[in-house]
Structures are given as structure tokens and as C-alpha cells.
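Participant: If you're matching them up, the sequences are chains C and Z in order. Residue numbers for the first sequence follow this note's numbering, so the first one is 5 and each next one is one higher. Residue numbers for the second sequence follow this note's numbering, so the first one is 5 and each next one is one higher.
Just so you know, these hints were derived from the structure itself, not from any lab. For glycine and all other residues, C-beta sits at the position ideal for the given N, C-alpha and C. Keep in mind that a hint or two might mislead.
To be verified - Short, incomplete list of chain C residues facing chain Z, as computed with Cβ under 7 Å:
(1) P85
(2) I87
(3) E91
(4) T94
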Amino acid sequence: MAAKRLPDTPEIRERWGSFAWTKDNAAEARKVVDRYPPGRQQSAVIPLLDLAQRQIGAETNTQGWLPIPVIEYVAAFLDMPKIRAYEVATFYTMFNLVPVGRHHVQVCGTTPCMLRGSDDVLAACYVRGMKKGHTTGDGLFTLTEVECLGVCANAPMVQINDENYEDLTFDSMTAILDALAAGQAPKPGPQVERQTSAPEGGPTTLQAMVKENHDYRGEW
Amino acid sequence: MPKLKVDGVEIEVPQGATVLQACELAGKEIPRFCYHERLAIAGNCRMCLVEVKPGPPKPQASCALPAADNQEIFTMTPMVKKAREGVMEFLLINHPLDCPICDQGGECDLQDQSIAYGKGHSRYDENKRAVTEKYMGPVVKTVMTRCIQCTRCIRFMDQVAGVEDLGAIGRGEDMEITSYLEHALGSELSGNVIDLCPVGALTSKPYTFEARPWELRKVPAIDVTDGVGTNIRLDVRGRDVMRALPRINEDVNEEWAHDKTRYVVDGLTRGRLDRPWLRENSKLRQATWEEAFAKIAEIAAEAKDSVAAVAGDLVDVETMYAAKQLLAALGSTLIEGRQTGLAYDASNLAAVNFNTTIAGIETADAILLVGTNPRWEASLVNTRIRKAVLAGAKVFAIGPEVDLTYKVQWLGDDLSLLHKLPKDATDAFKDAQRPAVIVGGAAIKTPAGQAASLALVKTLDLIRDGWNGFNVLHTVAARTGGLMLGYAQDGGMASLAQKAPKLLFLLGADEADLAPFAKSFKVYLGHHGDKGAHAADVILPGAAYSEKHGIHVNLEGRVQYSEKAVDAPGDAREDWSILRALSDVLGQRLPFDSFGELRARLFADHPEFAEPGLVPFVWAPPKIDAPKIGKGTEVAYPIKDFYLTNPIARASATLQRCSAELLHGQDFAEAAE
Chain C
5 MAAKRLPDTP
15 EIRERWGSFA
25 WTKDNAAEAR
35 KVVDRYPPGR
45 QQSAVIPLLD
55 LAQRQIGAET
65 NTQGWLPIPV
75 IEYVAAFLDM
85 PKIRAYEVAT
95 FYTMFNLVPV
105 GRHHVQVCGT
115 TPCMLRGSDD
125 VLAACYVRGM
135 KKGHTTGDGL
145 FTLTEVECLG
155 VCANAPMVQI
165 NDENYEDLTF
175 DSMTAILDAL
185 AAGQAPKPGP
195 QVERQTSAPE
205 GGPTTLQAMV
215 KENHDYRGEW
Chain Z
5 MPKLKVDGVE
15 IEVPQGATVL
25 QACELAGKEI
35 PRFCYHERLA
45 IAGNCRMCLV
55 EVKPGPPKPQ
65 ASCALPAADN
75 QEIFTMTPMV
85 KKAREGVMEF
95 LLINHPLDCP
105 ICDQGGECDL
115 QDQSIAYGKG
125 HSRYDENKRA
135 VTEKYMGPVV
145 KTVMTRCIQC
155 TRCIRFMDQV
165 AGVEDLGAIG
175 RGEDMEITSY
185 LEHALGSELS
195 GNVIDLCPVG
205 ALTSKPYTFE
215 ARPWELRKVP
225 AIDVTDGVGT
235 NIRLDVRGRD
245 VMRALPRINE
255 DVNEEWAHDK
265 TRYVVDGLTR
275 GRLDRPWLRE
285 NSKLRQATWE
295 EAFAKIAEIA
305 AEAKDSVAAV
315 AGDLVDVETM
325 YAAKQLLAAL
335 GSTLIEGRQT
345 GLAYDASNLA
355 AVNFNTTIAG
365 IETADAILLV
375 GTNPRWEASL
385 VNTRIRKAVL
395 AGAKVFAIGP
405 EVDLTYKVQW
415 LGDDLSLLHK
425 LPKDATDAFK
435 DAQRPAVIVG
445 GAAIKTPAGQ
455 AASLALVKTL
465 DLIRDGWNGF
475 NVLHTVAART
485 GGLMLGYAQD
495 GGMASLAQKA
505 PKLLFLLGAD
515 EADLAPFAKS
525 FKVYLGHHGD
535 KGAHAADVIL
545 PGAAYSEKHG
555 IHVNLEGRVQ
565 YSEKAVDAPG
575 DAREDWSILR
585 ALSDVLGQRL
595 PFDSFGELRA
605 RLFADHPEFA
615 EPGLVPFVWA
625 PPKIDAPKIG
635 KGTEVAYPIK
645 DFYLTNPIAR
655 ASATLQRCSA
665 ELLHGQDFAE
675 AAE
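The whole structure should be built from the sequences, with the hints applied where relevant.
Facilitator: Okay, structure coming up:
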């Protein structure tokens with residue numbers, strides 16, 4: 005699905021035309037640029053676009069987005085043509101080119117998650133009034149269906165803001181959304197009894213290793 | 005020098021050649037879309053797949069694979085054939101089948117190659133992707149659904165034009181080529197992306213739905229919109245020149261042409277002088293040739309030898325020669341071509357020539373621009389300088405700061421800097437192996453400026469073995485040819501005005517300040533109703549550059565022959581024949597009755613015009629006694645509006661719009677679509 009983009013309107017220019025780094029972010033931006041050899045400062049475009057998006061997120065109490073004047077600000081900061089920064093911003097789906105809500109719910113709908121029940125996860129979102137590609141009326145949630153996020157072993161999963169929530173069911177997804185709506189921070193990672201992507205309910209192999217170190221060599 | 009085998013034939017290719025180039029050297033045709041000789045390799049269309057041994061057992065993209073010793077390349081195996089068919093099928097997944105309504109139809113790489121290398125039938129029932137049109141300015145029309153994303157246009161703007169306005173946004177199937185936020189392309193070379201586009205995604209806006217390539221007669225000609233002498237091909241249907249496209253000439257324009265070259269042709273049908281006019285009671289009225297000639301004869305009888313001629317910017321050598329002969333017959337040598345009032349010493353042509361040559365300037369390693377904006381005065385010299393810069397050359401410039409598309413160290417706009425260049429510049433020139441100075445019209449306006457420029461030859465050591473780094477950049481097509489014929493008076497137009505000629509011939513001269521000639525009887529011989537015609541007492545309708553054979557000498561002294569594409573409109577005639585007919589009426593019959601005889605005379609008098617190619621001018625700079633340039637002498641570039649520098653361009657609707665939109669910021673974007 006083509007990422008939606010907001011056009012270049014006078015209103016957006018008016019609102020974001022005066023964008024500039026905050027004091028902390030200015031220092032951070034310098035630090036990032038300094039990682040690259042002189043004359044290669046353009047390489048910093050991805051981290052700086054992300055930094056700008058986060059700054060806007062902090063300013064608007066959302067997950068942030070990249071209005072065109074801000075992309076231009078970053079391009080000017082790195083002394084590169086505007087179109088080159090714009091290409092980068094449109095290429096990576098992690099850059100939001102439309103405003104998003106307080107929490108950006110990115111549900112993986114690719115095959116492994118779909119087979120393991122991503123439809124239930126989406127259903128939990130729909131129950132809360134979310135719609136794919138839209139922000140809820142209270143500005144709390146933006147729902148996006150995304151392609152594989154590489155957590156197939158813990159399917160189905162969802163990425164909300166900077167955290168992954170894995171091994172979801174309708175109920176656990178509802179609980180997470182409830183917690184977020186209540187302003188709490190739910191526990192990221194697997195939502196079932198499981199350590200990262202290890203087997204559910206404890207190890208199925210090398211069980212002797214669970215309590216103490218065990219030398220298996222004699223048993224080979 | 006790797007040695008390899010292409011389809012069993014052993015060849016040796018230059019170091020660094022690609023497999024694709026090796027195949028071409030072996031005479032094999034390799035289909036391609038994204039690969040272009042003058043652009044960086046992208047390797048994204050995959051059409052150039054060949055089989056290479058040793059290597060992985062799969063076809064490889066030959067454009068991006070370096071040729072190596074002992075390679076065996078196969079270009080006609082079943083694997084290659086199948087691979088090409090597969091690639092072609094992928095390219096056509098989303099390409100619309102709208103060839104019958106596509107302007108590229110008949111000259112389309114995709115069309116040709118799908119016939120030659122494609123499957124011949126389609127297996128797709130699915131819907132095709134559609135992409136919205138993008139606005140790219142007054143000359144480029146887009147139908148982006150046709151785009152196969154070869155990125156040639158992006159690479160051209162980035163690498164050759166140096167104006168990074170185009171990019172690919174989005175990813176995967178949603179990737180789209182667009183100008184930044186759909187602003188107009190801000191390059192005077194933007195028309196070249198139309199030629200580069202292998203499909204019909206980028207086509208020419210003024211030429212939209214005008215003609216089909218197979219209806220057109222193609223005539224080789226020489227462009228007259230600037231001094232470069234771009235080799236062009238005029239495509240003609242019936243009486244109309246439909247478009248101008250560049251021809252390849254490695255020494256002059258490579259394969260580019262700027263937008264003025266391309267779109268000046270639509271001025272050829274507007275504002276034309278197609279019948280003689282005569283001024284009576286200070287108003288112009290239509291007249292016959294006889295009336296016009298009789299009037300001139302009447303004046304000429306009075307004027308005796310008080311006759312002068314001013315040659316315009318677009319005229320060919322033959323016209324200037326015929327006029328010079330006519331004036332000589334009348335007893336006058338008052339001829340001048342530098343109509344804007346330049347009066348530099350032209351006694352030695354090498355001293356006012358682009359000696360490094362256009363192709364040579366790209367090998368320079370230190371360049372000083374003096375009072376010139378090459379981007380506007382000679383765009384295709386500017387691309388060469390840009391190439392030199394990309395290869396590491398340092399460029400310094402004296403003049404007001406403008407964007408030249410490459411890094412320039414601006415020294416300031418005080419011409420007196422010539423006497424004492426800053427240390428940065430002198431240091432760079434000291435280390436340079438191939439130093440070059442390019443002097444513009446703004447710098448040689450005064451004798452002091454010319455003397456100081458010529459002095460740089462010594463101080464910067466510009467002339468070495470096989471290298472002459474002193475260049476004067478002329479901005480108009482007729483200049484070097486005119487200087488060779490002697491169209492240069494000491495003192496220029498001012499001295500001509502002082503002589504107060506009773507009869508003044510204006511050979512398409514539209515840029516001259518005619519106020520000092522208020523008392524002269526002015527005969528305008530030209531093709532457009534512009535400034536010269538407005539001031540004239542008699543107007544004789546002549547032929548534009550597309551309507552006559554002509555010799556043009558470009559700014560580096562290269563003689564080039566242009567051919568006639570169409571007839572002049574109405575009663576207009578070829579200029580030389582008008583002068584010949586007039587000479588008869590004046591009782592001084594010129595000794596040629598045909599164009600062939602004229603050329604024979606010309607070649608006898610000036611053998612340097614007889615052969616196309618560079619004229620070897622002997623370096624013998626004049627000694628100019630001039631005071632030092634005063635401190636604070638500001639430099640102003642001669643061209644104020646790139647798109648409207650000559651009468652044909654001023655009559656062209658396309659170039660008027662280019663000027664309004666690109667230079668004066670008028671907004672056409674919404675009205676356009």
C-alpha cells in the first residue's frame with residue numbers, strides 16, 4: 005500500500021516552517037554528523053530524519069511525523085538537495101508522512117503472523133474503534149498493517165511505538181491497548197509464559213541445564 | 005587490456021571496459037534501457053543480461069560487469085534469450101498498451117526491443133498499476149504510468165545538468181519518478197531527459213500529439229541560439245519544422261542540446277516577415293519587392309559610399325559575405341557584427357577565440373572565469389567545465405555570484421582583480437598542468453579589460469606545449485564567422501555611428517542600439533518583426549536559419565555546414581539572393597548567380613570556410629595600450645534572460661513561457677493540467 009503523504013500546503017509551511025532543533029537535539033545531531041568523514045555528512049540523513057520525527061513527536065505528544073518543511077530543514081542542515089532527503093523519507097515506512105496518534109499500532113499481517121492469528125489482533129484493534137490507516141478520534145491510536153517485522157517465532161506480533169508485543173491473542177492485545185489507553189506501560193515482549201523466543205512453558209531440550217551447568221559429553 | 009571471447013570471437017578491450025562495451029566492440033547488439041554511455045551505471049533494468057564464463061550459472065547484467073581476461077561471453081544462447089524474454093515480460097507488467105496514442109511511438113526503445121527480444125504475446129490478465137502525472141515544467145510532459153524506472157532522467161539531472169531536481173520517491177511497486185514536490189525542473193538542459201527516456205514517460209510538451217516520427221524529414225543543421233554551434237537535426241513535416249533534436253558530435257555538443265535550441269523552432273512560424281515593407285509618413289506599409297528596391301536605390305544614389313552594414317547574431321557566413329561584397333562594390337568597408345557595442349581588438353583572431361576547444365576544456369585542471377556566466381552564455385561549455393570540476397579541477401570566477409551547477413570560488417565582481425589575483429587562485433594556477441582562463445564579453449568590453457585578460461597568458465602561464473588555455477567565450481552564433489570576414493571596426497558600433505552612414509543595412513540585427521543612427525536610412529534584412537524591423541525604413545523579408553543552407557563558425561573556430569530544411573514563408577527569400585537582386589538594382593551586380601557560385605567565390609576569397617572543422621588561428625595577440633582597470637569596475641553579464649536572447653526565441657510561445665515561469669517565477673503549474 006502506498007504510504008500516504010501530506011501535500012505541501014501553506015498551512016503546513018506556516019505551522020512547521022520555523023522548525024529547528026531543540027538544544028539537546030542540536031547537540032545530538034552534531035554528534036551523529038560527526039560520525040561520518042568530512043564531506044560525507046549526507047550519510048546522517050536517516051538518523052537525523054528520525055531525530056526530527058521524534059522531536060515533533062515530543063512537541064505534539066504523538067509518535068511524530070515529518071512535514072515537508074522539516075524534511076527540507078534536515079536537507080539544508082546536511083547541505084544536500086531537498087529531493088534526496090525526500091526520497092529517503094518516502095522510502096522508509098518508519099518515517100510517517102502524515103500525523104499519527106499518541107501510540108502507533110503497527111500490526112504485522114504477513115504470512116506467519118496471519119497463520120498464527122493476526123486477524124484476532126486486528127479484531128482487538130477494531131473493537132477499540134481503530135481503522136487501518138487512521139487515527140482514532142481521541143488521537144490515542146493510529147493503526148497500520150505492516151509487512152513482516154522479523155519476529156515470526158513469536159507470531160502474531162505488533163509493534164507499538166518502539167516496543168514489540170509478541171505471542172498475542174485477542175485478549176492479551178485488548179489488555180495491552182487498555183493499559184496504553186490508561187497511560188500505563190505494559191510489559192513488552194512475549195505476552196505468554198515464555199522467555200524471548202524460547203519454547204513456551206520452559207525448555208524442551210537441554211533440560212538438565214536449566215538449574216545448573218551440566219556436562220553432557222559423557223552421554224554422547 | 006583484457007582479452008576475452010564474445011560468442012567465440014576473441015577481442016581485446018580497453019582496461020576498465022564493461023562486458024556490455026566488449027560485446028559492442030565485437031559487433032553484438034545488447035538490448036538495454038537503463039545503461040547510457042554518458043551516465044553512471046545503474047544496472048536496474050536487467051535487459052542487458054548475457055551468459056558469462058567463468059561465473060555463476062545464471063545470466064549476468066553486462067552493463068555493470070567489468071570485462072576481464074579469459075572471459076567467455078555468450079549473447080545468443082537459449083539462456084540469454086529466455087532471460088531477455090523474462091525481463092521484457094516483467095517490464096511490461098505495468099506498462100500500458102497505449103502505443104497508438106503515445107508520442108514516443110515509432111521511436112521507442114521499449115517498442116523496438118519488445119519486438120526484437122520479447123515474447124510476442126502477453127500472459128497477464130491482472131490490472132496494471134497506474135501512476136499520476138507529474139508536473140515537470142514547461143517543456144517536459146509526463147505520462148508516468150509508462151515509466152519503467154530506468155532512472156536515466158534522474159542520473160542526467162544529477163550528473164550532467166547538475167541540478168538535482170528529479171528523484172524517485174516511494175519504494176517497490178509504488179516507486180515514482182518526480183521532480184521535487186512537482187516543481188518545474190530548474191535546468192536549461194531539462195529537455196534532454198525527453199531524449200534519454202527510453203519509453204514515452206517523458207515527452208516533449210510543445211510537441212505533444214504534433215507528428216509521428218515516420219512522417220518527418222530529417223535535416224542536419226546547426227543551432228544558432230548560442231555560440232556553441234550545437235549540431236542539430238531539424239524534423240520537418242510539410243513546410244513546418246516540427247522539432248529540433250541534437251545530433252551527436254563529440255567535439256561540440258556530445259549528444260545534448262539546451263532548451264533554447266530545442267524549442268526555438270516554434271518561433272519560426274510566429275511574427276515572421278513574409279513580405280517587404282516600406283515606411284511612408286513614418287508608418288510602415290506593405291510593398292512589393294520592386295517598390296522596396298527602388299526606394300533603396302534612390303537612397304543609395306544619394307548616399308554614394310556612405311553605407312554601412314551591421315550583422316545580427318544569427319546570420320550565416322554567406323549572408324555576411326554577400327553583404328560585404330555589396331558594400332565593397334558601393335565603396336564602403338563599414339561592416340560591424342558586434343551589435344551590442346563591444347569594441348575589443350579583433351586584429352588577431354586567436355586572441356578572441358576559444359582556443360582550448362570545447363572538448364579540451366573538460367581536461368583543464370584550473371579554470372578562471374572572467375566576467376562570464378557560461379551556464380547562460382554557452383550551456384554546453386558549462387557542462388564541460390562541470391565535467392572538469394568533477395574530475396578535480398578548481399574553478400575561480402570574477403563576476404556577480406550565480407549558480408553554475410558546480411563549486412566555484414567567487415573572487416568578487418571587481419574587474420581590477422585581474423591585475424592582482426588573490427593568492428588562492430595564483431597558487432592553484434601555479435600547480436596546474438592545464439590552466440585555462442575563460443573571458444566573457446563583460447570583461448573585454450574595455451581595452452583595459454582586454455589587455456588585462458591577455459596579460460594573464462603570461463602571468464598564469466596559459467600557453468604550453470600543445471595547450472592554449474586562453475579562451476574568449478562568444479555568446480552568439482555569427483560572431484566568429486563575422487570576425488573572420490572582418491565584421492569588426494576599430495571602435496565597434498560607436499565608430500560606425502560616428503561615420504553617420506546615410507544608408508544602413510541591418511542583417512537581422514535586433515540587439516543593436518539604433519538611437520545613434522536616427523538619421524540613417526535603415527534597411528532591415530531579416531526574418532522576424534523584432535526591434536530591428538520596428539526601426540527600419542525598408543524591410544526585406546529574409547530566411548531564418550532553418551530556411552537556408554549556411555556556414556556557421558562556432559566559438560572555438562569550428563566551421564560547420566547547416567542545411568536548408570524548409571522554404572521561407574510568403575515572399576521571403578534567402579538572404580544572399582535578396583542581396584544579389586538588390587545589387588542589380590543598385591547597378592553593382594554581384595558576381596554570383598547561384599548559391600553554388602556564391603560559395604565558390606567565398607571559398608576562393610576565404611579558403612578557411614571550404615572545409616568543415618577547426619580553423620587554425622595563429623596565436624599573435626595584439627599589443628594593447630590601455631590604462632589599468634579602475635578599482636571597483638563592476639562586471640555585469642551580457643545575458644539578462646537566457647530564454648529570450650534572439651528574435652526567434654522572443655517569438656516562441658514555449659520560450660516566453662520558460663522565461664516567465666523559470667526565470668520570473670510566474671506560476672503555471674495549475675493552469676497546465
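Participant: Are there hints from earlier that the structure breaks, and if so, what are their numbers?
Facilitator: Result: no hint breaks.
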